[in-house]
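Visitor: Listed below are the residues making up each chain.
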Amino acid sequence: MLFGEYRFRLMPYLVLIEFLAVIVSAIYGVLLAARKGMDVVGVFVVAFAVAFGGGTLRDLFLDRTPLFWIGNAHYPVVVLAIALLSGIILRFVGRIRPYLLLPDALGMALFTLTGTAYAMEAGTSPFVAVLLGVITGTFGGVLGDVICNEVPSLFIPSPLNATCAFTGAWVYWGMLEWGGFAETYALTGGLVTIVAFRLAAVKWNWCFPAIREPT
Amino acid sequence: MLFGEYRFRLMPYLVLIEFLAVIVSAIYGVLLAARKGMDVVGVFVVAFAVAFGGGTLRDLFLDRTPLFWIGNAHYPVVVLAIALLSGIILRFVGRIRPYLLLPDALGMALFTLTGTAYAMEAGTSPFVAVLLGVITGTFGGVLGDVICNEVPSLFIPSPLNATCAFTGAWVYWGMLEWGGFAETYALTGGLVTIVAFRLAAVKWNWCFPAIREPT
Amino acid sequence: MLFGEYRFRLMPYLVLIEFLAVIVSAIYGVLLAARKGMDVVGVFVVAFAVAFGGGTLRDLFLDRTPLFWIGNAHYPVVVLAIALLSGIILRFVGRIRPYLLLPDALGMALFTLTGTAYAMEAGTSPFVAVLLGVITGTFGGVLGDVICNEVPSLFIPSPLNATCAFTGAWVYWGMLEWGGFAETYALTGGLVTIVAFRLAAVKWNWCFPAIREPT
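Chains as they are written, first to last, in the numbering used here: chain A, 256 to 470; chain B, 256 to 470; chain C, 256 to 470.
Treat the hints with care, since some could be wrong.
Repeated chains share a single entry, so a pair holds when one copy, or any two copies, can fit it.
Claimed, not checked - Okay, derived cross-link-like pairs now, DMTMM-like style, lysine to aspartate or glutamate, Cα gap no bigger than 20 Å in a straight line:
{"#": "1", "residue 1": "K291", "residue 2": "E468"}
{"#": "2", "residue 1": "K291", "residue 2": "E405"}
{"#": "3", "residue 1": "K458", "residue 2": "D318"}
{"#": "4", "residue 1": "K291", "residue 2": "E438"}
{"#": "5", "residue 1": "K458", "residue 2": "E432"}
{"#": "6", "residue 1": "K458", "residue 2": "E438"}
{"#": "7", "residue 1": "K291", "residue 2": "E432"}
{"#": "8", "residue 1": "K458", "residue 2": "E468"}
{"#": "9", "residue 1": "K458", "residue 2": "E405"}
{"#": "10", "residue 1": "K458", "residue 2": "E376"}
{"#": "11", "residue 1": "K291", "residue 2": "D318"}
What the hints contain is simulated information worked out from the structure, not anything from laboratory work.
One chain only, chain A, in its complex shape (with noise of 0.2 Å):
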């Protein structure tokens, strides 16, 4: 029922990456809520969205009970602490923003796997894995972004994100239903496929050209 029950239990240093990405999330959350005047709701509203969104619409797709935020009844609470002292953190945030690549690109890593592998455990097809991965590792943000009415980041030109997570969901579920690899060989070849992607879109700004009807 818990994540940590599932199969990944394994892997303790897997709850670590777990728990820094509800965090780094949640301040991504409070950022982008700052920027739009709104109160210490708000920014728990969107910080709880940026952080769950994903995972909520996976098992809502899937049909999984309880939700995360439900049977990991602590990480709400996380996230209100975050918000409360959102005042805080946004005095230091422009500071560590540099740091939060990492943990972030760590959590979609996992966020995206577990997706992956809890769709292929609910019987889809490897494309719907795939999507239902990338759906729960980058869609906490197009919630937010929607939330905060604003055309979601994730979708306009900026360093490939989702495309990371695809990407890393094929070589996990590749190395497990075609290498006959181990669970833990493919979820850390996954990782580090995501996350190598990731930070080299982001140093060498590897953008998708926008899609424009000819005028």
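Starting from the structure of chain A, add chains B and C where the hints point.
Guide: Here is chains B and C on its own, set in the frame of chain A:
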């Protein structure tokens, strides 16, 4: 299955509050949609979203079936009637608006407490139960705002609303779980807390400040 | 489980309409996303939302599993192909746009009627069944608009669309429940009603007026 069959059936006056709450929420939806120049289809959908959005989110999150508006099939008809009469309603709504505050606060309180009760019944943690209560009571308006392409008014500085629901849901929970009060007393305690807090917040304009990144 | 295994399997030409409808919806999604300057990720997601959003909402509301696009796993691949080819599609879409109207109306009609049928099967009230049909047929575009940060075009004055679906769903329901017609006849009656009504609304520009608060 139906609301009336729940443990609150002992209290028939709650059905009256519920009915008034649906009507008032739908009228708020009509006002919201009319500001965006929508036609009768849009007015109906926004009124529907404001009236039933919070309960729908709660039921999806808790995997409850049928949804409130599917199980209580007369309510969508009431909302349709309000949408069809919206031209008339808009003519005199300016004069009745002050009188909408109390039934709206009562309805928000009722939906918050029943949402909390449903979540407790489903075995969530206390904090998650309170969150699901607040979502039930206040997220209809958030959905309406998102459909209307507005930053949700619940999340920007304005008289406290979600905070009143949050406080009253804890009062309800505390009276049940710590105080050992009977359902009727806990519900009344929660209702009185939320309504009094909300009316006071509107009267004295209690708002949280906006949280902004220092420049 | 799959659409083809439902009682409509008797009518294999419906599968062709469904296939065309997915393609045309995805193309409308491409047009919508291109107007916002999205990249291929955004184009794919918006095309996906327009094509499958309505059915996904219906399945979530009725607690049906698997979702349409999880059970019919070839359709997401079709949408991906359309997103990848969107640069080419956008070059000649200006010329084919008039030809999209009929397959779009047919698809909207089909999804409305199957949505109504699924809801009836789930035991909802007639009005709720019709609503769920209209949601299935028309809310993909609403979701696409919300993701693209637009007031949904379905809700502002423009040639009748949801109203056609609403009318045809009642024709379908009436022929089945009052008229005692066989499924095939009721479905055909509903389809013809919706398509004829929709084409007429576009040709003669039948719109509802905007509903506005008197100033």
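Visitor: Are the hints correct? Go through all of them and say.
Guide: Structure-based check of all given hints:
Taking the closest pair of Cα atoms, K291 and E468 come within 20 Å of each other only across two copies (10 Å); inside a single copy the shortest separation is 31 Å, beyond that limit. Proximity of K291 and E405 under a CA criterion of 20 Å is satisfied in both settings, with 10 Å inside one chain copy and 11 Å between copies. In this assembly of identical chains, K458 and D318 lie within 20 Å of each other by CA distance neither inside one copy nor across copies; the values are 38 Å within and 42 Å between. Proximity of K291 to E438 under the C-alpha cut-off of 20 Å is found in neither arrangement, the shortest distances being 42 Å within a copy and 40 Å between copies.
For a Cα distance limit of 20 Å, the shortest separation of K458 from E432 qualifies neither inside one copy, at 32 Å, nor across copies, at 53 Å. In this assembly of identical chains, K458 and E438 lie within 20 Å of each other by CA distance neither inside one copy nor across copies; the values are 30 Å within and 58 Å between. With identical chains, the CA atoms of K291 and E432 are never at most 20 Å apart, being 45 Å at best within one copy and 38 Å at best between copies. For a Cα distance limit of 20 Å, the shortest separation of K458 from E468 qualifies neither inside one copy, at 30 Å, nor across copies, at 25 Å.
Neither within a single protomer nor between protomers do K458 and E405 lie at most 20 Å apart by alpha-carbon distance, with minima of 25 Å and 33 Å respectively. Neither within a single protomer nor between protomers do K458 and E376 lie at most 20 Å apart by alpha-carbon distance, with minima of 35 Å and 49 Å respectively. When the C-alpha separation of K291 and D318 is checked against a cutoff of 20 Å, the pair qualifies neither within a copy, at 33 Å, nor between copies, at 32 Å.
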